[in-house]
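If you're matching them up, the sequences are chains A and B in order. The first sequence begins at 1 in the working numbering and counts up one residue at a time. The second sequence begins at 1 in the working numbering and counts up one residue at a time.
Treat the hints with caution; some may be incorrect.
Said to hold, decoys possible - Taking CB as the label site, the calculated pair distances span:
#	chain 1	residue 1	chain 2	residue 2	range
1	A	L80	B	E123	22 to 32 angstroms
2	A	P47	B	D13	54 to 64 angstroms
3	A	N79	B	E76	53 to 63 angstroms
4	A	N62	B	S237	58 to 68 angstroms
5	B	R162	A	L213	37 to 47 angstroms
What the hints assert, rightly or not - Below, simulated DSSO-like cross-link-like pairs (lysine-lysine); rule was C-alpha separation at most 30 angstroms, straight line:
#	chain 1	residue 1	chain 2	residue 2
6	A	K219	B	K140
7	B	K100	B	K164
8	B	K164	B	K112
9	B	K100	B	K112
10	B	K164	A	K219
11	A	K22	A	K219
12	A	K164	A	K22
13	A	K219	B	K100
14	A	K219	A	K164
As the list claims (entries may be wrong) - Residues from chain B that face chain A, not an exhaustive set, calculated with beta carbons under 10 angstroms:
#	residue
15	L58
16	G77
17	V90
18	F97
19	N105
20	L108
21	G109
22	K246
Honestly, the hints are just simulated from the structure, not real lab data. Where is the CB? At the ideal position from N, CA and C, for every residue including glycine.
One-letter residues, chain by chain:
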Amino acid sequence: MHVFSDPANRAVYLSSFLLILKLTGAAGVIALVFGVVLAAMRVSPVPVLRGFGTAWVNVFRNTPLTLIIFFCYFGLFVNLGVTYSDDDIDLNNFWLGVTGLAAYTAAFVCETVRSGINTVPAGQADAARALGMTFGQTLRLVVLPQATRSVVAPFGSILIALAKNATIVGTIGVLESASVMRQLINDNGDAVIPIFLVFAGTFVALLVPTGYLFGWLAKRLAVRR
Amino acid sequence: MTAQSGEPLIVLDGVDKWFGSLHVLRDVHLTVDRGEVVVVIGPSGSGKSTLCRVINRLEPIDSGTIRFDGRTLPAEGRPLARLRSEVGMVFQSFNLFAHKTVLQNVTLGPVKVRRERSAAARERALALLDRVGIADQADKYPAQLSGGQQQRAAIARALAMRPKAMLFDEPTSALDPEMVGEVLDVMTGLARDGMTMVVVTHEMGFARHAANRVIFMADGQLVEQAEPAQFFANPRSERARDFLSKVLTH
Ligand SMILES: Nc1ncnc2c1ncn2[C@@H]1O[C@H](COP(=O)(O)OP(=O)(O)OP(=O)(O)O)[C@@H](O)[C@H]1O
Ligand SMILES: [Mg+2]
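Chain B on its own, in the form it takes in the complex (with noise of 0.2 angstroms):
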């Protein structure tokens, strides 16, 4: 698989984020192209989610900028605001809203935040919710649903809102092993229909053969860049080589 155009839509330059005398992330610089499927990985604590999460500034960064499709990120406000409705973001905990059905969950966004009406909304959600594989699940609360189901809600909510990109936060790493699969299915389905995604992720099967890079991360470096066949073949650094024979031999 190979990215669609070297036209880079996700931009990072320099950035550095601290939590209290905490440095979370230094000195990152990395680029997304469109059409691009990144995967990164790396020990807990590298600040995998934090990266993610300053993507689409949930979590404010200290030193450098971030570009997204050509933009500087705004600051606080609704021009930030406008931003993150073109960035999904897929929670490891799903965070699907308790109080509201699927449906509901999936075309909340398109109607409170894109103001489209409803009958539209309604319709795309169910679209969305049958190709994900859950429709019959439609008027259940998350609650009533299993993890599997829970997680491809979450997916389908992301992609109401027709997102330029696609954030991953360890999206498997809450559920049963059985479940697993069903959403790698539907995240395969996305990549290979040419949406930008950026994945955290531990399932090294995803990363061989749905990724078009793999990142590897260390105290909040990005340590090391390859395509995912070098990668896994022959990590160049230590503490890669060190951190696969962990994670392979589980």
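Bound-form chain A, shown alone (with noise of 0.2 angstroms):
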């Protein structure tokens, strides 16, 4: 394992891994909220806003992620001008890229969140409605605190898919972790299996325990009916 024992290496590897993670907890915090948003626009009243949240579904769900994030690099940027920095490049695609890494998984949070929905009775909306509460307020206090805590199961798998998928960033120049990888075995053509290993098990070791820790809270948040 010569590769790690240089400093220099174990350096642009932590750091990788790090920009995962920061990618992952900024996309993942954007998206989720957003992703409910863009559910109650979906069983909302009006018609405009139900209009905006199934064609943002359709339209993100179904492009691939690396179209996205190129779109956001070339199209947001460079074409329409949207700057996150001007003076840090590196910040400024990193913004770029939880940006297209968000919108994408907005989509599957709204559906995660939608299909939540159907699995609490009408009578707690019809409960919630007869007390005198607008739509609004039967969506926050009564649907979706229930919705969300029937679907931490598969938030859990929507948070696993992010945490990979956040590897495409790479390709607008963000140096994470599949980008450090394909430099160091550019480098070091003769541990290619060991630093593949080495990148590999750690994204095990870091989402196994998420997807185990989702499904104790997933137990512990249940609502019992």
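Grab the two chains, each in its own frame, and use the hints to assemble them into the complex.
The following block contains the structure:
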């Protein structure tokens, strides 16, 4: 394992996974919030909102993520001039990547929340409306809390997929783990298998516990009926 | 028991309701006075639940008008929500909020809909839970309660909004027989205190001793209305006689 005894290589390896964690964290939070909003739109009585939610899901769920990330860079940034940081190109590309990841992942969050809404008995919303709650209150106070708690385990799968998808942001120059791995393999042709195993192993080591954590959370948060 | 005054609280005028091609309410005219207790009976599918649900517009109607406390029911939106908060509703399947404790179920409406201070709402919720006999269950979740306790909690939740009227849709038909009495006792107490009530039920005992009026429904129509004693002794319509002979022999 001479590759990883070199402190410089260890440093890029570590920083590449730190970037994966940051991309996943930032995109995950944004996708969760925005995905829930999209789901609320899709069940709302307002046709414009419903249409927007449906269009978003259809576009982003069915477009390859690579294309979306490319669009964020060449379309949003190069063409339309959407810029997150003028003087720090790495930071700029990082947030362009987060934008694409979040837009894509939100579509999946939306559909998962919507399937969660279907697990909430109609009587729950009836009772909320009968108390005088508005549509928004009914959704926010009664339906969504129960719906999201019924889909904690699928949220775990979405988060795991997001962490792996974050490697695609390497295509727009963010030095995340996949691009660092490729670089190390290029520089150390004699150690392809060990390098691959270390990177793949790190993903597995991070994501297996994530899966179990969400399984445990799903049980703890389940709504008893 | 007599209604306190002849002042109408709930007025349905020529109400029609369709589910697709199914005509569920047919030209329904109904006036419920303040303080009156009306029991609705009728065969399955006759539209009793739907009648309950159109009164607070949980189901929209296709024609006719519904007035509550002098005002025509508003269309969707905030005014309708405000009106609904003045009409308590109790469901056959309780419908307590599954992710909230019993106490939170009772305080949620007052705090979020009425913007009451939570300390005051909590105090009143505890008093209401005490009134329906489940103060000791306040911190449990609905799933931890028996059916009878859940239904009493649901009644407390509705009462917490200080409603002007209460709608009950078969509140005891999902309960084990030994729990029916405890829920009917609470309802009888409410009736005695002068609450305006529309009660869909097959509990003929409750109809006899707590109702001012019994309405017999069939095929979406109010076929017959009478005082309980008169109705049970002497139903005028063939369909009501037929229905009573079936439910009373059981
Ligand atoms: N949401 C709905 N969509 C379509 N049809 C409905 C709906 N709700 C009720 N119905 C139909 O309308 C008719 C009246 O239903 P309703 O529930 O009001 O009857 P009910 O008198 O309460 O019957 P039960 O004693 O079985 O509760 C029935 O034929 C029922 O199948
Ligand atoms: Mg019914």
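Structure-based check of all given hints:
1. A:L80 to B:E123: 22 to 32 angstroms: violated (57 angstroms)
2. A:P47 to B:D13: 54 to 64 angstroms: violated (31 angstroms)
3. A:N79 to B:E76: 53 to 63 angstroms: violated (43 angstroms)
4. A:N62 to B:S237: 58 to 68 angstroms: holds (60 angstroms)
5. B:R162 to A:L213: 37 to 47 angstroms: holds (45 angstroms)
6. A:K219 to B:K140: Holds, at roughly 18 angstroms.
7. B:K100 to B:K164: It holds: about 25 angstroms lies between the C-alpha atoms, which stays within 30 angstroms.
8. B:K164 to B:K112: holds (19 angstroms)
9. B:K100 to B:K112: holds (14 angstroms)
10. B:K164 to A:K219: violated (41 angstroms)
11. A:K22 to A:K219: holds (27 angstroms)
12. A:K164 to A:K22: The given pair, whose Cα atoms are some 12 angstroms apart, holds under the 30 angstroms limit.
13. A:K219 to B:K100: holds (17 angstroms)
14. A:K219 to A:K164: The hint holds at about 25 angstroms.
15. L58: holds (6 angstroms)
16. G77: holds (8 angstroms)
17. V90: Holds, because the Cβ-Cβ distance from B:V90 to chain A comes to roughly 9 angstroms (cut-off 10 angstroms).
18. F97: Because about 6 angstroms separates B:F97 from the closest Cβ in chain A, which is inside the 10 angstroms limit, the hint holds.
19. N105: holds (9 angstroms)
20. L108: holds (7 angstroms)
21. G109: Check passed: Cβ of B:G109 comes within 4 angstroms of chain A, closer than 10 angstroms.
22. K246: violated (28 angstroms)
Checked against the numbered hints above, the structure breaks hints 1, 2, 3, 10 and 22 and satisfies the rest.
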